[in-house]
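Undergrad: Next come the chains, spelled out residue by residue.
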Amino acid sequence: MENRAIFSGKLLPCLLILPQLAISLIFFYWPAAQALWQSFLVQDAFGLSTEFVWFENYVNLLQTPEYYHAIGVTLVFSALVAFFSLGLGLLLAAMANRNIRGIQIYRTFLIVPYAVAPAVASVLFIFMLQPGLGMIARALQRAGIDWNPVLNGTHAMILVVIVAVWNQISYNFLFFLAGLQAIPKSVIEAAAIDGARPMRRFWTIIFPLLSPTTFFLIIVNITYVFFNTLGIIDTATGGGPSGATQTLVYKVFQDGKVGTDLGGSAAQSVILMVIVVALTAFQFRYVEKKVHY
Amino acid sequence: MVFRQFGAASVIAATLALATPAYAVTEIQWWHAMTGPNNDVVVKLANDFNASQNDYKIVPTFKGSYADTLNAGIAAFRAGNAPGIMQVFEVGTATMMAAKGAIKPVSDLMKEQEESFDPKSYLPAITGYYSTSKGEMLSFPFNSSSMVLWVNLDALKKADIDAPPKTWPEVFADARKLHATNPTCGFSLSWITWGLIEQFSAWHNVPIGTKANGLDGFDTVLEFNTPLETKLLENLVELQKDKSFDYSGRTNTGEGRFTSGECALYMTSSGFYPSVKANAKFSYISVPMPYFPDVKDAPQNSIIGGASLWVMGGKSPEEYKGIAKFFTFLSDTDRQIYLHQASGYLPITKAAYEKTKASGFYEKNPILEVPLKELTNKEPTENSRGLRFGGMVQMRDVWSEEIEAALAGKKTAKEALDAAVSRGNQMLRQFERTAK
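Protein sequence lines correspond, in order, to chains A and B.
According to the working numbering, the first sequence is numbered sequentially starting from 1.
According to the working numbering, the second sequence is numbered sequentially starting from 1.
Keep in mind that the hints were calculated from the coordinates and are not lab data.
Keep in mind that a hint or two might mislead.
What the hints assert, rightly or not - Think about it this way: if two alpha-carbon atoms lie no more than 25 Å apart in a straight line, the pair counts; the simulated DMTMM-like pairs of lysine to aspartate or glutamate are:
id, chain 1, residue 1, chain 2, residue 2
1, B, Lys410, B, Glu234
2, B, Lys350, B, Asp108
3, B, Lys410, B, Asp242
4, B, Lys410, B, Asp108
5, B, Lys100, A, Glu66
6, A, Lys257, B, Asp108
7, B, Lys241, A, Asp146
8, B, Lys410, A, Glu51
Every value quoted in this text rests on a predicted model; they were computed, and no experiment measured them.
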């Protein structure tokens, strides 16, 4: 007996995808189109005078050295955050995927940081790492390290990377753990009987079988560093010192919200959108080939 | 028949009776950025005003930081429902005044509503910041402060320094001496650009930009990359090397370094007083900002910081009437005195200042008079009346970036100031274009 419902006509499927379509149109295509339109305008903050200027905002942008600096900062920042949050997430998941006493407690504690809002995470770390205020900062200074994220660009970068990684590890941990638990025990046991040591089992069996999860997480993490780290940077460093932690998305925010230069800010978000779309497309085209489903 | 008419009339009367209170009270939205005790002051002022009459109701709403409040107001205006009164910080002045259709100048409002209003009764050092070059008041000063040097007297004694420094060379020398006992910080300051560029220029009677620091027109050009500014920054860069001077960030997050005793000399807002009073476990004092004695006019007068109340455009005549009455209410001498003594904000009328002085209040609280003495030190010149640069909120960040580059040793002081000027000028041209 066939236990399958067969729908005829096109009306029902159309109706069913309509809500999703509406959400995409209202929350993605419409704002994106508005940003595109805004990027061709020069406008004052209150929208009282508007001038259509074609590509002038883009030309101006590409002539400012700070913009290229922000691109460099973004690349360094996203590489560091993606690498450490994925690496540490995987390490912790591998450790937590064992039968030890109290494992549920460990797992729960490892997931908790994800519930902390980025700005709050920043404040927590500022309390620990602010020179003259934080415990860790004082310990570092006593150890002879001149820890000073207010003035030293490298230190500021380390600070925001730590907060961003800490905030994202839990998410990666959760997915890696689920991925690990989906790997059949029998495969690993067979390898163990064949004499493969844990490290070898990990790299030749577990890691390849985990690749769909890893691939998914890479894309999610890149999107995370590109967009969601805004709150962290705003609270921890404000893009400083002298632009050392000013990423592309932070510059969009700065120019648009603080500087009320909506045209220039819109032009930046259009470029940022193109970069992220291209990056994701590239990953699906080339990196996905290495993924075993 | 008679009964019917009576019935109809009573229905109408009842409807009127119910409807009248709702229609007669005009609500006026007041968006502000005050937190903690200052928020209480805002609420108290609104309540007192509402209790003092029955026609208008001021409804204060907290909208976040100064920048958040400004942005919320801009967004609300674009959506067609701006508040009646908006509190905007001093550096947002140019943005607000350029939006001619969006705001109503306070002097026009008071004239139209025939409220008694004498611009001369206000302290010029405060209202000048919010007035046109012709002296027409654009917005109503609310909370004002100025910059002072906070001094830890115990630390000075420990370092064998007799008296608080008066000049910059003395500050540099004292910072070096303090370094022996305070190895991580001798001297520091908050609001780096407010102190080193904005206040410094006014205090030394030198321009930040042409056209009376932008008060006379948006075609102003920055020009603070002079040998005098360079000398100041070079000295600080030199002191930063061994932390005799130590940078504390762009805003006031570093103020705890004074109250904890880490930095013995700390320049920041006079509004820092309540925190010092509550937290400092040493004897302290505040003194006027330092100056270079070889500059002819120094010290001139300081400028204010803080925020003012802007009246938004396109409101009903009743709302404007209510706002005008509220401003008259705020200008009342005894109310100003109360605000000044309770909150530490500066009084905005001459009468309130004189009356407080006459009451002997400053002999007991000399710290509260320091900013007033600075502001009224001399008649303001076109270099010290205030400043009006478009995009000033972000400009401060740009200037800070360059100062940070100099302090970190990535650029020389001169290179950093040149870059701050040229990047700032680009922003001014962009603003000038949209402000027409």
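Undergrad: Does the structure break any of the earlier hints, and which numbers would those be?
TA: 4, 5, 6 and 8
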